[in-house]
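Undergrad: Listed below, chain by chain, are the residues.
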Amino acid sequence: MSITHLDGEALKEALVSGLINLRNHKGEVDSLNVFPVPDGDTGTNMVMTMEGGIQVIAQDYQERVEDLLKKFARGVLLGARGNSGVILSQFFKGFALGAEGKKTLTTSEFSTAFGRGVEKAYESVITPTEGTMLTVMREGFEVIRDLSVTDFAELFAALMDEMRASLARTPDLLAVLKEAGVIDSGGAGFVYVFEGMEKALLGEALDDAGAGGLAGGAGFGAGHAPAKIDPAAFNADSELEYGYCTEFILQLQNAKVDIAAFDINTIIGYLESVGDSIVAVKDDDLVKVHVHSFKPGDILNYCQQFGEYISLKIENMSLQHNETLIVKGEEKPEMIRKETAIIACVSGRGLEKYFREIGADVIVKGGQTSNPSTEDFVEAFHRIDAQTIIILPCNSNIVIAAEQAAKVYGGDVPGVRIEVVKAKSVAEGYSALSMIDSSQSADRIISDMNGAIENVSTGLITKAIRDVDYTELAVKEGDYIGLDGDEVLSDSPNLIEACRGLLEKTAGIEDKAVVAVFYGKSVDQEVRDAFEKMITEHFPWLEYGFIDGGQDVYDFILAIE
Amino acid sequence: MREYLILGDSTCDLNKEIREQYDIDYVQMNYVLEGKEYPASLDWEEMGVHEFYNAMREGKRITTTQVPAETFLAKFNECAEKGLDVLYVGCSSALSGSVNTANVVAKEVMEAHPEMKISCVDARNSSFGQGIQLMWASDQKKAGKTIEEVTAFLEKHRNCVNQCGTVADLSYLKRAGRVTASSAFFGNLIGIKPILISDANGQNFAIKKAKGASNAKMEIVAYLNEVGKNLEKQTVYISHADDEKSVQTLAAMVKEGTGCKDVFTDYIGPIVGASVGPGTVIAYCVGKEETRVGEA
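Protein chains in written order, with my numbering: chain A, 18 to 578; chain B, 28 to 323.
These are calculated hints, taken from the structure and not from any lab test.
From the three backbone atoms N, C-alpha and C, an ideal C-beta is built for every residue, glycine too.
Computed footprint of chain A on chain B; a stretch qualifies when at least three of its residues, placed anywhere within it, have a C-beta under 8 angstroms from a C-beta of chain A:
1) 207-221
2) 233-247
Pairs of lysine-lysine residues, derived as DSSO-like cross-links and limited to a Cα-Cα distance of at most 30 angstroms, are as follows:
3) B/Lys-87 <-> A/Lys-550
4) B/Lys-43 <-> B/Lys-169
5) A/Lys-522 <-> A/Lys-439
6) A/Lys-439 <-> B/Lys-235
7) B/Lys-201 <-> A/Lys-370
8) A/Lys-538 <-> A/Lys-522
9) B/Lys-109 <-> B/Lys-168
10) B/Lys-256 <-> B/Lys-315
11) A/Lys-441 <-> B/Lys-235
12) B/Lys-235 <-> A/Lys-370
13) B/Lys-235 <-> A/Lys-355
14) A/Lys-370 <-> A/Lys-441
15) B/Lys-169 <-> B/Lys-256
16) A/Lys-273 <-> A/Lys-119
17) B/Lys-134 <-> B/Lys-168
18) B/Lys-201 <-> A/Lys-355
19) B/Lys-315 <-> B/Lys-169
20) A/Lys-120 <-> A/Lys-87
21) B/Lys-260 <-> B/Lys-43
22) A/Lys-273 <-> A/Lys-312
23) A/Lys-480 <-> A/Lys-493
24) B/Lys-43 <-> B/Lys-183
25) B/Lys-272 <-> A/Lys-550
26) A/Lys-424 <-> A/Lys-119
All chains should be built: construct the whole structure from the sequences, respecting the hints.
TA: Below is the structure:
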């Protein structure tokens, strides 16, 4: 039996299966690193991105393809994390645009939509690099574009053959992949998504090994894993202590409100009077809300005047043993009111605390192994009442998500200027923050930040997780390696030697004056003493100081200025 | 015309040689270290300069007191007996209450001695920023100017004495309440040096940051060039809190970078030193009138 048309439900099942297949291979995609450092978060990011889309569509019966894809694309965008996630989200946005007006899809309509997806994906990257997910999808498209088959099984067979072949060719296009002996991780993730879709179309059910419960249709909401319930935590004599974590998606309705003109601040204003920990986002005709309140009923009644609920979740927070939720409940984020507010993306208790101390108003958790989503930024924007918001991504993988968020939010809330200062590492973020005077104008702050970033060199020390041959260095698994952010500059079985080698190879080290040393979780006093001895002996002109970064992956992060 | 005495205090940082050359007297403030009070001598008689700053380096807290009223009273009465008027050029009133005290005591003394004139000028600066004005006063007195004329001159031009310096650790000034700086200057910032000027009211004001000691010195040179007038005819005065190497480097950079006639360096005395902490270097020149008032 051939499949000639895809309807909403079939495509939904295919997308769910795509997510499951990707999730089942998440670890593998993560490990496809171009460097022998454990910074492979591509799989994790892509899974989270897909989950954002699936959360929005999994609950309901999906009749029309166009409706399904529109919702899915929006969900994927809000859940997008990391560069690969943003590119993937843009692919689906284009795919949805290409399927506009369609109740079902034929193979040629599918191809057309796929082509729009490829276009959008290319547009989302300022300088598209070949040998990545982009190449894989484009070459896949070039094959199905010219194909005259009517059966989706044949279409997918050809698409998957080409995309797998294209993926295998990525090392030829991108030298950095070849050197490390891997294929592109984003491309691999993309192939797994479509492989999962193919399996669903062929009627093959997948075991969901890493299910967080979302694909099965149980969960939704702001990316929280379902809370574990401890019934003993609330009994007949308990007092309501934290209130209810209330999350819902509201479909604004033409019969009730002028959707285009509807201002999300109407709802935010009300929510502020009855709750806290508020996240409220309007995306076209959907409103997504997260709020902690003692009176969820009032909120539901209030918001129903604007639309109807697509989904609801209300949980007594005394029962939630989900750590992140409890932490959020206690946090009670206060509105930050100032002329210029600064958001920095760092992770780890030490770094977060330190960045706050030196002037970051809001921390959006993010770093090498977990990139924040567009929604995480939008949530942060809602906590700030400022004329200018400056984002310091502190990681090259977060720059695009930050820019995306600025764009999404800028459309919703005119009059707020959001600037992304392209700090591509923790070191650059630190340097930018350290040199500003927060009492100055936004323009001066931004120019001081950019000036500081120009002069800083980033140094990273970590343990290699596998053997790799570089042109000049042969790295052994377990060696300590020193990176300048892109390149491996030093390699030694000895941590301090790797640090010394890195400093020595840092361009213009003889003209540098100051090194801020963020030491990681694994670094104890003895190691710091050895580092100190090394630097005073070999680099006596450098002023240095230690900061307890508490980071996971890197033993040391150096801001060399 | 009555003769008059030119009087400074413990924050003017003029050494004995200069004081003798310019015929400048000074009244002493006091400082307290480990519960013991010492007179703040600019000649380091009670405690040597290295001993003093090393105590601070060891983390010992040194507090300071303004010129006591009795000291002013004794000095003014001594002058009254000698038939001398007094021109007191005191430490910035934003940093010390001494000028205020002097005014109160002066009023009393002038009531008792109606023929006597005591003029108290707020230098709106300290260290050599105050010292320069004392030397001006001395020069003008020698040129035959009256106490009124010199007073008017100082009040007109005191904000043209420009200060630009940097400290190794801003927490000393912060603790002493003698700096205006936004919160961005505090926190554990590695190698960040605040650039400090004296604002229109004579309060220290952090105007920018420099990364590393060398960049900070370059900022100081740039600032002197920006505000200084006729630097080629001026001596730039640089005071330092026991950091000979740093001050010599800065002196060479200032000489080279501004083309000034000469550079004079000396220690920051115990009172200013206790507020700014070891490692501080501050340069002074004459130029544009400072009109900014620091806002945190």
